[in-house]
Amino acid sequence: MAFDSFQDFLAMGGHAPYVWASWGVTGALLAGIVLHARAERRQLLRRLQRRERRQATTDRTSHQTGGQRHEA
Amino acid sequence: MFAWAGEGGMPSTEVRPGDNAARSAPDGEPRGGLGVAVWATLKRDLTLLMRRRSEVLNPLVFFALVITLFPIGISPDPELLATIAPGLLWVAALLAALLSLDSLFRSDYEDGSLEQLLLTPQPLAMLGLAKVAVHWLLTGLPLALMAPVLGIMLALPAGSYLILAVSLALGTASLSLIGAIGAALTVGLSRGGVLLSLLVLPLYIPVLIFGAGAVQAAIMGDGASAHLAILGALLALSLMLAPWAIAASLRISING
Amino acid sequence: MGKIWSFIHKLGSPKWFYAISARLMPWFWVAAAALILVGSVWGLAFAPADYQQGNSFRIIYVHVPAAFLAQSIFVSMAVAGLVFMVWKIKVADMAAAVMAPLGAVMTFISLFSGAVWGVPTWGTWWMWDARLTSMLILLFLYLGVIALRGAFSSRDSGSRAASVLAMVGVINIPIIKYSVDWWYTLHQPATFSVTSRPAMPLEMWAPLLIMVLGFYCFFIAATLMRTRSEILRREANKRWVRELAGGPS
Chain X
1 MAFDSFQDFL
11 AMGGHAPYVW
21 ASWGVTGALL
31 AGIVLHARAE
41 RRQLLRRLQR
51 RERRQATTDR
61 TSHQTGGQRH
71 EA
Chain S
1 MFAWAGEGGM
11 PSTEVRPGDN
21 AARSAPDGEP
31 RGGLGVAVWA
41 TLKRDLTLLM
51 RRRSEVLNPL
61 VFFALVITLF
71 PIGISPDPEL
81 LATIAPGLLW
91 VAALLAALLS
101 LDSLFRSDYE
111 DGSLEQLLLT
121 PQPLAMLGLA
131 KVAVHWLLTG
141 LPLALMAPVL
151 GIMLALPAGS
161 YLILAVSLAL
171 GTASLSLIGA
181 IGAALTVGLS
191 RGGVLLSLLV
201 LPLYIPVLIF
211 GAGAVQAAIM
221 GDGASAHLAI
231 LGALLALSLM
241 LAPWAIAASL
251 RISING
Chain C
1 MGKIWSFIHK
11 LGSPKWFYAI
21 SARLMPWFWV
31 AAAALILVGS
41 VWGLAFAPAD
51 YQQGNSFRII
61 YVHVPAAFLA
71 QSIFVSMAVA
81 GLVFMVWKIK
91 VADMAAAVMA
101 PLGAVMTFIS
111 LFSGAVWGVP
121 TWGTWWMWDA
131 RLTSMLILLF
141 LYLGVIALRG
151 AFSSRDSGSR
161 AASVLAMVGV
171 INIPIIKYSV
181 DWWYTLHQPA
191 TFSVTSRPAM
201 PLEMWAPLLI
211 MVLGFYCFFI
221 AATLMRTRSE
231 ILRREANKRW
241 VRELAGGPS
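Sequences listed follow chains X, S and C, in order. So in my numbering, spot 66 of the first sequence is number 66, and the numbers just go up one at a time. So in my numbering, spot 168 of the second sequence is number 168, and the numbers just go up one at a time. So in my numbering, spot 139 of the third sequence is number 139, and the numbers just go up one at a time.
Any given hint might turn out to be false.
Going by beta-carbon spacing under 7 Å, a handful of chain C positions derived as facing chain S [what the hints assert, rightly or not]: (1) S21; (2) M25; (3) W27; (4) W29; (5) A31; (6) A34; (7) L136; (8) A147; (9) A151; (10) R160; (11) V164; (12) V168; (13) S179.
Across the chosen pairs, the derived CB separations fall in these ranges [claimed, not checked]: (14) X:A28 with C:Q52: 27 to 33 Å; (15) X:F6 with C:R155: 31 to 37 Å; (16) X:R60 with S:P121: 38 to 44 Å.
Chain C residues, not near chain X, derived (Cβ > 12 Å throughout) [claimed, not checked]: (17) K3; (18) K10; (19) Q71; (20) V86; (21) V98; (22) I109; (23) M127; (24) R155; (25) D156; (26) S157; (27) M167.
Hints are computed from structural coordinates only; laboratory data are not their basis. Glycine included, each C-beta is placed from N, C-alpha and C at the ideal position.
Let's have the full structure, built from the sequences with the hints guiding it.
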């Protein structure tokens with residue numbers, strides 16, 4: 001352990017703003033990449049699923065109307 | 001404007017398809033071959049550019065104007081100007097060369113002759129190289145010749161004028177080659193101008209470093225031959241690689 | 001040998017890539033999380049402070065991995081572009097497309113941390129130091145590739161144009177790097193190289209190595225994940241994607 005106490009660790013020997021700014025921005029950006037990738041994937045899947053559901057219902061109704069026309 | 005199409009100075013693209021059909025050899029290779037095609041492209045582009053003199057003159061005027069701005073913006077003090085002159089002259093020349101790039105393939109793209117160039121049986125890389133050569137001849141070379149005059153105005157120390165011209169002549173050839181890749185990539189885009197500078201300027205940095213370095217070294221009396229040799233090496237490398245990239249980029253811009 | 005080739009061939013098919021990457025990706029995420037966690041704790045709390053720079057030197061553990069990655073991603077992007085141009089493998093282009101913003105973020109991280117590091121070291125936010133300057137140019141190269149891809153209305157043209165530019169850029173990167181180094185010869189020697197023995201003591205460079213590995217795993221995992229999304233987006237009308245989304249089988 002390079003520091004005597006947690007306070008020491010946070011202070012970084014007087015270089016706290018620089019060290020924590022660098023690490024903070026890096027961490028935030030990496031987390032942002034992960035969150036963005038996850039949101040992108042979820043949104044895409046949701047959109048694809050919605051499209052399939054819509055497709056299924058239109059298929060069914062068109063099938064039904066087609067059948068009715070056939071009966072008539 | 002279209003008068004040149006019927007004149008004799010324009011054989012490369014308009015005449016060849018007919019040539020090809022009329023008297024093609026058994027193996028389908030038209031008469032003349034690569035040398036004739038490159039020569040024809042050179043002659044055609046030179047003729048065209050000589051008729052649109054403003055396109056040739058604009059970069060030179062721009063160069064002079066930018067150089068005029070610096071003493072006004074910074075200070076007319078000759079001592080200060082002398083220290084920054086090599087860099088200023090090089091940066092301004094580089095920007096002037098960049099300015100002229102957008103029109104390198106633009107008019108040929110708009111009137112369809114670029115498409116004809118793609119259809120010729122000769123390698124597109126060589127024909128593109130011919131077009132770049134013309135661009136350098138009418139932009140880079142005049143800029144290099146004009147730079148010493150502007151150098152006087154910036155109180156450039158004596159003994160570096162020849163090196164300035166030589167380094168610019170060598171360097172702008174590389175700039176034309178590298179810039180042509182960007183011009184070919186953006187020729188199909190309606191607003192390619194700003195994008196072109198974004199693509200090309202980062203790639204210009206090595207040339208700028210050694211070009212301005214050559215002039216700086218000449219002022220210091222260190223001898224600029226090493227810098228000029230590196231500029232030559234950069235030119236050789238761009239001569240080897242850029243034509244293929246230009247050809248590939250033109251194909252993307254036109255077929256895509 | 002034949003087995004490897006058929007594996008590579010299968011990877012070229014979006015459907016197979018989607019399936020194989022689903023199995024690989026979790027491992028890379030776990031490895032990235034573990035390595036970055038260990039490297040951070042070690043680097044922030046346990047590595048000894050530098051005798052000259054004190055604790056500000058701990059910025060190295062994010063600065064150097066990001067800088068490594070920024071350069072490697074550009075090279076991988078160009079390789080992916082080459083694969084796409086030569087063999088017409090679409091997955092390669094999808095990977096190249098998602099790598100560009102990732103690389104730009106990494107370049108930004110290394111620039112930002114470098115600038116912040118400059119305050120305690122040089123006493124200024126920005127110094128035209130060789131490495132920072134090269135990184136700045138690299139950022140412009142990334143922005144150029146991203147902008148060029150977006151400028152085309154046809155996706156295929158944009159892909160091919162971005163591939164050409166990435167390849168031109170990757171040939172230029174070493175030239176730019178060496179010329180900038182030459183231009184600014186007063187720079188620190190390379191902090192860490194795989195081939196030569198590092199001058200730093202083990203307790204200092206071991207966490208750095210762990211962080212570098214962690215960042216690489218993170219890059220691979222993020223690229224796989226976003227490439228998978230890109231596959232779904234571009235292959236949305238393919239039968240297998242529709243089945244995946246609950247469509248008719």
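Hints, one by one, checked against the model:
1. S21: violated (28 Å)
2. M25: Hint on M25 of chain C: violated, closest Cβ of chain S at ~32 Å, above 7 Å.
3. W27: violated (36 Å)
4. W29: With a closest approach of 33 Å, the W29 of chain C hint is violated.
5. A31: violated (34 Å)
6. A34: violated (37 Å)
7. L136: violated (9 Å)
8. A147: holds (6 Å)
9. A151: Since chain S brings a Cβ to about 5 Å from A151 of chain C, closer than 7 Å, the hint holds.
10. R160: Hint holds; R160 of chain C Cβ to chain S Cβ min 5 Å, cut 7 Å.
11. V164: holds (5 Å)
12. V168: Because about 5 Å separates V168 of chain C from the closest Cβ in chain S, which is inside the 7 Å limit, the hint holds.
13. S179: Check passed: Cβ of S179 of chain C comes within 4 Å of chain S, closer than 7 Å.
14. X:A28 with C:Q52: 27 to 33 Å: Given range 27 to 33 Å: holds, Cβ gap about 29 Å.
15. X:F6 with C:R155: 31 to 37 Å: With Cβ atoms ~52 Å apart, the hint is violated.
16. X:R60 with S:P121: 38 to 44 Å: About 58 Å separates the Cβ atoms of R60 of chain X and P121 of chain S, which means 38 to 44 Å is violated.
17. K3: Consistent with the label, K3 of chain C stays out of reach of chain X, its closest Cβ about 31 Å off (over 12 Å).
18. K10: holds (22 Å)
19. Q71: holds (17 Å)
20. V86: The assertion about V86 of chain C holds, with a minimum of 28 Å to chain X.
21. V98: violated (9 Å)
22. I109: Given a closest Cβ separation of 5 Å, the condition is violated.
23. M127: M127 of chain C clear of chain X: closest Cβ-Cβ about 14 Å, beyond 12 Å.
24. R155: holds (16 Å)
25. D156: holds (21 Å)
26. S157: The claim holds: S157 of chain C sits with its nearest Cβ about 24 Å from chain X, beyond 12 Å.
27. M167: Holds, since 25 Å exceeds 12 Å.
Taken one by one, the earlier hints fail for this structure at numbers 1, 2, 3, 4, 5, 6, 7, 15, 16, 21 and 22, listed in ascending order.
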